[in-house]
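Novice: All chains, please: the whole structure from these sequences, using the hints.
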Amino acid sequence: MDSPRPKGGKIRPAKKDTARKKKKAQQSSSPPHLPARAVSIQAASTSLPASLDLSLTLCRRKKRAAAINKERRQRRKKSGQRRMRKEDRARE
Numbered sequence: 021m022d023s024p025r026p027k028g029g030k031i032r033p034a035k036k037d038t039a040r041k042k043k044k045a046q047q048s049s050s051p052p053h054l055p056a057r058a059v060s061i062q063a064a065s066t067s068l069p070a071s072l073d074l075s076l077t078l079c080r081r082k083k084r085a086a087a088i089n090k091e092r093r094q095r096r097k098k099s100g101q102r103r104m105r106k107e108d109r110a111r112e
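Each residue of the sequence shown is one higher than the one before, counting from 21 in my numbering.
Among the hints, a few may not be true.
Simulated restraints, written as ranges between beta carbons of each label pair [claimed, not checked]:
hint, residue 1, residue 2, range
1, Arg111, Leu72, 30 to 38 Å
2, Ala110, Ser71, 54 to 62 Å
3, Ala86, Glu107, 30 to 38 Å
4, Arg40, Lys83, 36 to 44 Å
5, Ala86, Glu112, 35 to 43 Å
6, Arg80, Arg40, 37 to 45 Å
If you're looking for bench data, these hints aren't it; they were derived computationally from the structure.
Where is the CB? At the ideal position from N, CA and C, for every residue including glycine.
Specialist: As structure tokens, this is what we get:
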């Protein structure tokens, strides 16, 4: 009669994927979005309905994502122009 797991000692919880989180945080150079808690407290103080609070949060997140994407697009464009100039110089 052997039990499938040893008695005593807890089952080890699954490891949280902190590496991916860290990488993601490093990738987005802009400061991270306000924690949801701060947003909800702010909304609670103005007594907004929860659904509106959520939509505000999502809207803010969307706008931030748009800004980041815009920045990335510009950076890509710049690097492309730089490459072109480099090639032109090499040709001369």
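Novice: Against this structure, judge whether each hint is valid.
Specialist: Verification of the hints:
1. At roughly 59 Å, the beta-carbon separation of Arg111 and Leu72 lies outside the given 30 to 38 Å, and the hint is violated.
2. Between Ala110 and Ser71 the CB atoms are about 58 Å apart, so this pair conforms to the stated range of 54 to 62 Å.
3. The given range of 30 to 38 Å is respected by Ala86 and Glu107, whose C-beta atoms sit roughly 32 Å from each other.
4. Our hint of 36 to 44 Å for Arg40 and Lys83 is violated, since their Cβ atoms are close to 24 Å apart.
5. Hint check: Ala86 to Glu112, Cβ distance near 40 Å, so the stated range 35 to 43 Å holds.
6. Range check, Arg80 to Arg40: Cβ separation about 23 Å, and the 37 to 45 Å hint is violated.
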